[in-house]
Amino acid sequence: MNDWSQALSRHAAAGGETAGTITGNRGLQIEEPLLFEQDSPGKCGVDLPAEFPASPAFKSRLGGLERKGPIGLPGLSEPQIVRHFTRLSQKNYAIDSGLYPLGSCTMKHNPRLNEKMARLPGFADIHPLQPQSTVPGALELIDTLAHWLKTLTGMPAVALSPAAGAHGELCGVMTIRAALTARGDPRRRILVPESAHGTNPATAAECGYGVESIPANERGRVDLAALKAKLGLDVAALMLTNPNTCGLFETEILEIAEAVHKAGAFFYCDGANFNAIVGRVRPADLGIDALHINLHKTFSTPHGGGGPGSGPVVLAAELAPYAPLPWIVHGADGFRLVEHAAGQADDTIGRLKGFHGQMGMFVRALTYMMSHGSDGLRLVAEDAVLNANYLRVRLADVLSLSFPGTCMHEVLFDDRFLKDTGISTLDFAKALIDEGFHPMTMYFPLVVHGALLIEPTETESKASLDQFVVAVRGLVERVRAGDAASFQAAPHFTPRRRLDETTAARKPILRWRPEAEQREAAE
Amino acid sequence: MRYLPLTDADRRDMLAAIGAASIDELFADVPKAAQRDGLVDLPKAMGELEVERRLSAMAEKNVAAGSVPFFIGGGAYRHHVPAAVDHLIQRGEFLTSYTPYQPEVSQGTLQYLFEFQTQVALLTGMEVANASLYDGATACAEAVAMANRVTRRNKAVLSGGLHPHYRSVCETYARFAGNELDAQDPAPLLIKGAGGEDLAARIDADTACVVVQNPDFYGEIRDVSALAQICHDKGALLVVVVTEVLSLGAITPPGAMGADIVAAEGQSIGNALNFGGPYVGLFATRDKFVRQMPGRLAGQTVDAEGRRGWVLTLSTREQHIRREKATSNICTNSGLCALAFTIHLSLLGEEGLTGLARLNHAAAVAAAERLAEMPGVRLVNHSFFNEFTVRLPRPAAPVVEKLAERGVLGGIPVSRFYPERADLADLLLVATTETVTEDDIARFAAALTEVLQ
Amino acid sequence: MATLRFTQDHEWVRQDGDTATVGITDYAQEQLGDVVYVELPEVGRQVERGKEAAVVESAKAASEVYAPVSGEIVAVNDVLAGDPAQVNADAMGGGWFMQIRLSDPKELDGLMDEAAYKAFVAEQH
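Chains as they are written, first to last, in this note's numbering: chain A, 836 to 1358; chain B, 82 to 534; chain C, 3 to 127.
If you're looking for bench data, these hints aren't it; they were derived computationally from the structure. These numbers come from a predicted model, not from an experiment. C-beta atoms are modelled at their ideal positions from N, C-alpha and C, and glycine is treated no differently. Hints may be right or wrong, so weigh each one.
Claimed, not checked - Computed cross-link-like contacts, BS3-like style, restricted to lysine-lysine with a CA-CA straight-line distance of at most 27 Å:
{"#": "1", "chain 1": "A", "residue 1": "Lys1097", "chain 2": "A", "residue 2": "Lys1063"}
{"#": "2", "chain 1": "B", "residue 1": "Lys369", "chain 2": "A", "residue 2": "Lys951"}
{"#": "3", "chain 1": "A", "residue 1": "Lys985", "chain 2": "A", "residue 2": "Lys1097"}
{"#": "4", "chain 1": "B", "residue 1": "Lys315", "chain 2": "A", "residue 2": "Lys985"}
{"#": "5", "chain 1": "B", "residue 1": "Lys142", "chain 2": "A", "residue 2": "Lys903"}
Claimed, not checked - Among chain B residues calculated to face chain A with C-beta under 7 Å, some are:
{"#": "6", "residue": "Asp91"}
{"#": "7", "residue": "Met95"}
{"#": "8", "residue": "Leu130"}
{"#": "9", "residue": "Val144"}
{"#": "10", "residue": "Ser178"}
{"#": "11", "residue": "Gln188"}
{"#": "12", "residue": "Leu378"}
{"#": "13", "residue": "Gly380"}
{"#": "14", "residue": "Asn414"}
Said to hold, decoys possible - Okay, the calculated beta carbon distance ranges per label pair:
{"#": "15", "chain 1": "B", "residue 1": "Leu271", "chain 2": "A", "residue 2": "Lys1097", "range": "56 to 62 Å"}
{"#": "16", "chain 1": "C", "residue 1": "Val81", "chain 2": "A", "residue 2": "Lys878", "range": "46 to 52 Å"}
{"#": "17", "chain 1": "A", "residue 1": "His1165", "chain 2": "B", "residue 2": "Gln373", "range": "31 to 37 Å"}
{"#": "18", "chain 1": "A", "residue 1": "Pro884", "chain 2": "B", "residue 2": "Gly457", "range": "28 to 34 Å"}
{"#": "19", "chain 1": "C", "residue 1": "Glu125", "chain 2": "A", "residue 2": "Ala1320", "range": "30 to 36 Å"}
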């Protein structure tokens, strides 16, 4: 028996009983062992070209450092690999499956035209270090994307190299620190609202700043008085998300910007929630100095199970000179990459990433922007806000709405409706999974207890939203009926039931090891 | 508009349910002064046909690597990716899913991440790997930050053979975190007058780590075991950078040479050139340092029915929990690129990977011998995998432009990275992969002969 | 005679002569849930009252443990490395974190006794 059949019978033994089947499979839900448990030594899923060259004089030039011993990679054929990953994919929920209402993640439809355009050889099969004369179309695309981002936000400059939102935050805070240093006014602290995403304080700390928290007021917005009290000669910046992570527009944002600037500080905006205002509001008009945009949120580049993303940062004129390399500039003969500081970019903070940036995501985002156009993007924000408010009014009487009144593109509830039921936000979310939905964001933001943050996005139909409402209302009825045990054991119908995260953290198993090693480790 | 499901009737019904007279009412919280009445000054909506036309026009202005003899490396390599990879990563359940925070409905993602972590550990010869970072350069900066945490020191010594982009990213991160860098003079060490690089001599009681690249930026392969020992004797860590991950199919891995952290670029496996991104950072270390490792981790466990499954674990290191005390601010990994890596490497397997590495090296040997035959052209390296450095009889940058005019993408002039270094201006980095044919090499040599006349 | 005192951050301190043993209370471990890891200070380190001395992690959260008194760490509970569950099972005994040689025993006077702590916890609800 090879590893595969051993693995299969082990799984059958474990799951067969509960599944009620011999194999442990349940119809289309098929158990699939690890690649390493299916090794056919010598097998290969690729047919390599003939040895190169045919010359017998070939002598290795590896300096005597040839790899000794096997690497330990399993061998499988193409059909086995395709089946392996197909089966894996079938265990995942995705936007393509249904509503994915994660607050502040903007899980909108990922258009397939994006994928087609990104794969054009003229974009996918070009090297970042080809002579610039051989890639004028690539530079043109990047410049076009930059133009769209600057125009949509009203800002004069954009740094395109950050690879994700958190990377963009790092970029923004670094330019702020560089600007203050150049001003001879270093400052030591950054202010961050209580409701902020964890990347904000983590970024500030990574740039050498101390972090101080600003409380929210009873309307869920930044407490302006508390902010003003904390502003001082020692504050470098305020990092704000707008709309904020409670789904609310910071109504006093113009006053906030004024106060921040008056104190000599910079105003950084986390653009995670840009989907609520794109095409209707330009962040420059709100007084912000730097804003990162998540192309994988507002501009539909795919989430890919956790990445890759892209986090370009639009910058005010005062921060533009510090933007990271490379820059794209207009020359007499078209676009040119500026890859070094000396001469053109003397004050740049330097590089934040290898090469130029997430070109593959630029192509996808521009495809999306051009598809929607300025009129379509405005409608995106409107439908996103409409959908969220529709869910608000259809659920406010059964869930506990944290802040009354209109929300933007996402709506925040908390766990007061679960009080004394023995059912937690987590249990409620797991029951929602059985109903065929991915849960909303839970336990974030931290400003309310047991948060449930719902962002439907504009690509959900009314029918889809109505179905979600029916499910949530039905679950609340079951909560009231006192069915705690069922919630606590949820989900019941997924490829795996609730998983033991405690043991996973106490005794981490982070890779496969051959059986012998596994036995040794257990002793 | 094809991506917006709501009809005007829907919008009317929903506004009525909300009790708002118009959509503008829902934006009432936005200060009037900040609201735009009209549209932003950008083109209006376009159908697929029109968008395709415009983007294809831009794409067609570029010379695709596959259309000419192609010898460019420098940290990103053109390999053949089997057709199955791209099909599988475009399955909607992979393409359009999110970070696996709800493990019960994310076992697909979690299992492939676990397989990816295992593959990276096996390739690098290390004990444990994470679920990927943005790219090799940021992985290198994270490695330095991690070494600082582990040793509670804050100075890093960087080899002159480190990729200049990686060095630059480390410099930026260190400057803002208030850490020290001792970066050695960038130059291929075998060049006359460049001097030796004595990294051991630069390690002191404040040194957290030494960072070396192997094969280095110029392609040279070295045994860093002795350096690893010296580092450890002095309480410092050895960080080894690998920019061409395929090399691990042919040469001794960093783990076997005493590396404490490996920071690598995984682009070569599964991912196209894409003009520089998105790529995939690989990060591996020793078990004892795992809690100081940045990035996501998939861990094995069991579910309520006793069946094996996977979850994200050791999350308390990360930004969403530790916030300002996190090991890094990183949130996103390079998910889909890591999946492409996993699938491609599964298709290759042990035989395929080692065979592919052999092919790459053979192509490089053939190219190096052919070029070194040319009058005035000298091979700088003693050893190399699939990339090497030659010295031309005159500055390489104009030569590369002229080669491009003749339809050959013949390597990268080192001066592109170091424009201020006249002594490096004659150096050319040449890479060959399994996509290079004997005919390509002949055409390269012919074009170069013409240009050098 | 061993004196048992408590802090508002839910740490307990048991003094015995010139050293004191420190841990987190039963209430604290209940609030935390399953403890998966404890990051302990190195022996020999000087700690200051009110400053972070250790970190206790559950699967979903990490909490700082502040030194209730100042002094030098003379011992840490090595058992917790392999069995962090001890903190849940026996927070007041076998789940102890560290032993401190007191630099200022008078600091203990400012802490709550058992009765005061019980009342303090009751107020939390």
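Verification of the supplied hints:
Restraint check for Lys1097(A) and Lys1063(A): satisfied, since their Cα atoms lie roughly 10 Å apart, inside the 27 Å limit. Distance hint between Lys369(B) and Lys951(A) is unfulfilled; the C-alpha atoms sit about 44 Å from each other, more than 27 Å. For the hint pairing Lys985(A) with Lys1097(A), the CA-to-CA distance comes to about 25 Å; that is within 27 Å, so the pair holds. A threshold of 27 Å between alpha carbons decides the hint, and for Lys315(B) with Lys985(A) the separation of about 51 Å lies outside it, so the pair is violated.
Only pairs whose Cα atoms come within 27 Å are accepted, and Lys142(B) paired with Lys903(A) is rejected, the gap being roughly 46 Å. Restraint check, Asp91(B) versus chain A: the minimum CB separation of about 4 Å is within 7 Å; hint holds. The interface hint given for Met95(B) is met, as the beta carbon of that residue sits about 5 Å from the closest beta carbon of chain A, less than 7 Å. Because the closest C-beta pair between Leu130(B) and chain A is about 10 Å apart, greater than 7 Å, the hint is violated.
Taking 7 Å as the C-beta cut-off, the interface hint given for Val144(B) holds, the closest approach to chain A being about 4 Å. Proximity of Ser178(B) to chain A holds as hinted, the smallest CB-CB distance being about 4 Å (cut-off 7 Å). Because the beta carbon of Gln188(B) sits about 4 Å from the nearest beta carbon in chain A, less than 7 Å, this interface hint is met. At about 6 Å, the closest approach between the beta carbon of Leu378(B) and any beta carbon in chain A falls short of 7 Å, and the interface hint on this residue holds.
Interface hint status for Gly380(B): upheld, as the beta-carbon distance to the closest one in chain A is roughly 4 Å, under 7 Å. Interface hint at Asn414(B): satisfied, since its Cβ lies 5 Å from the closest Cβ of chain A, which is below the 7 Å cut-off. Checked against the given bound of 56 to 62 Å, the beta carbons of Leu271(B) and Lys1097(A), roughly 59 Å apart, stay inside it. Roughly 47 Å separates the CB atoms of Val81(C) and Lys878(A), a value that falls within the hinted 46 to 52 Å.
In this structure the hint that His1165(A) and Gln373(B) lie 31 to 37 Å apart at CB is violated, the actual value being about 45 Å. The given range of 28 to 34 Å is respected by Pro884(A) and Gly457(B), whose C-beta atoms sit roughly 32 Å from each other. For the pair Glu125(C) and Ala1320(A), the beta carbons lie near 32 Å from each other, so the given range of 30 to 36 Å is met.
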